[in-house]
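Colleague: Here the structure of chain A is known, so what remains is to put chain B in place on it, guided by the hints.
Residue numbers (the numbering used here), protein chains in the order written: chain A, 58 to 377; chain B, 58 to 377.
Do not rely on the hints blindly, as some may be mistaken.
No copy is singled out in the list; a pair is fine if it fits within one copy or between any two copies.
In silico SDA-like cross-links for lysine to any residue, where the CA-CA straight-line distance does not exceed 20 Å [claimed, not checked]:
hint, residue 1, residue 2
1, Lys-102, Lys-208
2, Lys-362, Leu-306
3, Lys-278, Arg-305
4, Lys-348, Thr-181
5, Lys-68, Lys-363
6, Lys-225, Leu-356
7, Lys-68, Asp-141
8, Lys-252, Gln-343
9, Lys-68, Lys-362
10, Lys-208, Ser-83
Hints are computed from structural coordinates only; laboratory data are not their basis.
Computed from a predicted structure; not experimentally measured.
Protein chains: 2
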Amino acid sequence: MKVTMLYSFLKADIEYIERELEQAISSSSPSLRDASLHLLQAGGKRIRPVFVLLAAKFGDYRIERVKNVAVALELIHMASLVHDDVIDNAKLRRGQPTVKAEWDNRMAMYTGDYIFARALEYMTDIENAEAHRILSNTMVELCIGEINQIKDKYQYSQNLRDYLRRIKRKTAILMAASCQLGALAADVPDGLHQKFYQFGYNVGMAFQITDDILDFTATEKELGKPAGSDLLQGNVTLPALYALEDERLREQIMQVGEHTTKQEMAEIIHQMKRSDVLDRSRALSQRYLRKALVILDELPSNRTKKSLRDIAKFVGKRKY
Amino acid sequence: MKVTMLYSFLKADIEYIERELEQAISSSSPSLRDASLHLLQAGGKRIRPVFVLLAAKFGDYRIERVKNVAVALELIHMASLVHDDVIDNAKLRRGQPTVKAEWDNRMAMYTGDYIFARALEYMTDIENAEAHRILSNTMVELCIGEINQIKDKYQYSQNLRDYLRRIKRKTAILMAASCQLGALAADVPDGLHQKFYQFGYNVGMAFQITDDILDFTATEKELGKPAGSDLLQGNVTLPALYALEDERLREQIMQVGEHTTKQEMAEIIHQMKRSDVLDRSRALSQRYLRKALVILDELPSNRTKKSLRDIAKFVGKRKY
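So that you can see chain A by itself, here it is in the shape it has in the complex:
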C-alpha cells in the first residue's frame, strides 16, 4: 500500500501544496531554481504537510490559511535535507544524485539557507506569535540535533538516551510541530494542541527508528543508497547501539569506516539479522506507535482521525 492512499480525500489539497512548493523555490536565479526544483522532483512522502492538513481538519479548515504552514514546514524539512547532504557526504538520496553531487558544497549550503528563508516568508502570513515561537524553537532544536549528530559520530560509548534525544531533535520535533501548527492554524481549541504535538512526536520517533532499521534491512535499490550507510558514516543508530552490546558484533562495528567493503558490511548486517537487535528496535518503534494511538483515542472522533491512525500504523510497517 502506498502512503498517499491513506489520505486520498486530501488529494486536491496536497496537489495544491505541491504546486505551491514548486513556486516557493522558483527564483529569479536560474542556478538556484534548478538546484531546488531538482530536490523537489526527487519527491518525498510529504508527511509534514499531510500532518498539518489532517490536524487542521479538527478545526476550522481553510486551505488558504493552512497551506502556508504546510509549505513552510516541508520547506524546512527540504532545507535540512540539503544541509544534510553537505554534511553527510551522502552520494545519493532517494536514488537521485544529491544537490551536492551536482553542485559543490558551497552552493548546497546557500541553497539550504535560501529554502529556510523562503519557509519563513510563508510563515509571515500567520499572525500568531505562538506559531512563530513553536517554529523557531523547532529550528533551534533541529540545529542542536544536527550538531550533536556530528559530535556523536563514531562514539561507541553513547547510550540509548543520547540516541533518543538526537532523533527527537532531528525528526520527531518537526513532525510534532507539524501536527501542533496545523491545529493552531485552524483554531482547534487550545487544550488539544499538546495532544497533537504528542501524537506527532511519537509517530516521529517511530518513523525515525523505522528509518534506522530500514538502513540495515532494505535493499540498495529501495534505499537509493547502499545498505548500512549510517554505520559507514559513523552514525550510531538504534540497531547498531543494540548490536554494540554483543561482544563480537561490537568489535566488527567499531572497525567500520570508509575502507569497509560491501561484502564486509553485508556480513555485519547478516549477523545483525540473525541476532535480536532488529526485533528489539522494532519493539521500541512499536512502543512509540502505541503511545501515539493512545493519544489519538483522546481526540474527537471524525473521519480524519482514521487517516491519522492509518498513517501511524503505516509508519510501523513501511518497507521503504
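Modeller: Using the frame of chain A, we list chain B on its own:
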C-alpha cells in the same frame, strides 16, 4: 575616532544588547557555545543594532521591545559571517582564527544555522506581520546575494550593475532593514519607514564599497587578513571592476589566483593606487552617502539625527 563614540548616549543600551547576544548564543551544547562565543568575542562594530536603536529613537523608544529586533539582526549578520567563512575559505576574519579554522566546515554550517534560528526566536516577540515579512524577505535576498557572489567569482566580464546588485543583497538590504525595523518596532509613523529603509540602504552601499576599497588599501594588520584577499578569492569588487578597464591591469588581475604571491599582489595594488580606480570607487561611495544625508534631512530633527549623520560620515572616512 572610534565609531562607538558616535553613539555614546546609547552606551548602556548597547551593552545590554551585547549581554543579550552572549546569552542568545549560549546553549546547552558546550561545543556550540564555544564556537559561537568565540565569534561574539571577535567583536564587530554592531552597526545593525545601533541602526535599530537610533531609528527607534524617532518613535516610542522602549528598549525591552526594540532589543529583540536589534539582537535578531546582529545574529543574522553573525550567522552570515559564519557561513561566509565556510564559503570563502577565509583563514582569518577580524584577526581571529575563523570558526572554520578551529572546527570543521560541518560544525560551522550548523553553527550558522543555529544562530539564524536563534535570531528567529528573538523575533517571535514582535507581533507584527510586516516586521516578519521584512525580515524573511531580507534573508531571502541575502541568500540570493551569496549565491550570486559564488557564481560571479572570477567572472571578469561582469559589469557595475552586477556588482551593485550583489552588494545591495549582501550588505545594504540588512542595514536598510535594521533602520526600517527599528522604526517599526518603536511605532514611528508609517510614512517615515521607507525613508529609514532608504537611509540604511544608501549607508550600506557606501559601507560595502568602502570595505571593498579597504581590502586593497589597508594593511594586513588592520584588515586581519592579507590585502587583496577579495581578488585572491575571485571576488570582483568595485576597484577591481574599474581596474579591469585598464588593459595592463586587466591582464594582471585575470591571472590572480591561489598561486599569486604577496609580492605580485603588492605590485598590482601599487599600480591600482597609482591609477584612478580607488578615487573613482571613493567617489561612488560618496554619492551613496550624499543620498543618505539628503534622506536624513527629511526626517524630524532631534539629537539622534546627528548620530545618524555622524555614522554616515564615519562610514565614508573609516580607515579600517
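Colleague: Among all the numbered hints in the text so far, which are the ones the structure does not match?
Modeller: Violated hints: 1, 2, 3, 4, 6 and 7; rest satisfied.
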